[in-house]
Amino acid sequence: AQSVTQLGSHVSVSEGALVLLRCNYSSSVPPYLFWYVQYPNQGLQLLLKYTTGATLVKGINGFEAEFKKSETSFHLTKPSAHMSDAAEYFCAVSASKIIFGSGTRLSIRP
Amino acid sequence: KAGVTQTPRYLIKTRGQQVTLSCSPISGHRSVSWYQQTPGQGLQFLFEYFSETQRNKGNFPGRFSGRQFSNSRSEMNVSTLELGDSALYLCASSLGQGPGEAFFGQGTRLTVV
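Sequence order for the protein chains is A and B. Take my numbering: the last position of the first sequence gets the number 124, and nothing is skipped along the way. Take my numbering: the last position of the second sequence gets the number 147, and nothing is skipped along the way.
Because the hints were derived from the structure by calculation, they are not lab data. Keep in mind that the hints are not guaranteed to be accurate.
Unchecked claim - Here are the simulated distance ranges between beta carbons:
hint, chain 1, residue 1, chain 2, residue 2, range
1, B, T48, A, S121, 34 to 44 angstroms
2, A, P54, B, P95, 24 to 34 angstroms
3, A, M97, B, S104, 12 to 22 angstroms
Beta carbons: idealized from backbone N, C-alpha and C, even for Gly.
Bound-form chain B, shown alone (with noise of 0.2 angstroms):
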């Protein structure tokens, strides 16, 4: 079975840019969770959804947005880049709603220059 898989690696955009990171879920799974790592900030919830619709939100602005796709695949996008964006995003997903093991993919690796 394969696991979740984030598309790129690796990236460097510039301030101002915009970026869309690209998360694929295990099969079967329905909902993508999003995260922010950070040395300074560690581990910071963006948002959830489940089902296209997002479930629940982090505090962050609104610059940062996501979707999800009737195929459980997620995106997210981040405008206006700032450097502070730099950052391993990390997408999860589970099998469903509420409380329950969430399994990661390998980051995409933000710099923001």
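This is chain A alone, in the form it adopts within the complex (with noise of 0.2 angstroms):
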């Protein structure tokens, strides 16, 4: 069985300051991890993903994540918040199918 638990329905950062999205997984077998983002009235767009390799995965626009097997977690960062950046963004598993979290929406703050 998988699932994904987003730690935090609503992020506030100030522009510019470090942006952190927290993702813990639950997965039985070796886990495919995919942050999305969704703009408003808009569907998800991938911001990247993690396979196998290298567990520093780097995405668009700026964005990165590790995958920790040990802490089973997959959080999202950005060193320095945009304007352009406040949308939700959903942490996925996907095993058989593409299970996702419930979501964190990111605020940008002048």
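Two chains, two separate frames, one set of hints: put the complex together.
In structure tokens form, the structure reads like this:
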């Protein structure tokens, strides 16, 4: 069985500050892990993915995530937040099908 | 390469009616999944089709059904609509079965009045 837990339904940071969105997963098989972003009234766009290999994964728009098997975590980070990063972010795990976390809404303060 | 296309984008229906939503996957993709997104329940998996066969099904009542055609296009149908069916319905396409990234359409916003 698979599951995803995103810690914090809403995160607010100042422009230029570090962004950290937390995700923990559970999977009975080696997982594929994803982060998606959703802007209002839009579909989901893939930010980055982990399948195998290097545990630090770089994605679009300056985001990256690190797969930590011992902690069953896949946290999303960005060194410096931009106003355009304001959106909903979803962590997901995939074995037989993709299961999404409940989402984290990221707000950016000027 | 065209992305995932969902039609219509917006729909208003009355309780008790039925509705059909359409999804055209990315060319060459054979797997299509459907999700329901609501503010209260988040993103919930409805079902997945691969090569015209339903491979996985979420925990939704039988009023929700789907199918996939030989060209991989998919439709989902909701019968006897309820107010709680108001949601954004998202379609995602993937190359094949099993683990792998999914590419999403813009969604169909269904409002039941």
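ask   = So which of the earlier hints does this model not fit?
value = Number 3 - this is the single hint that the structure violates.
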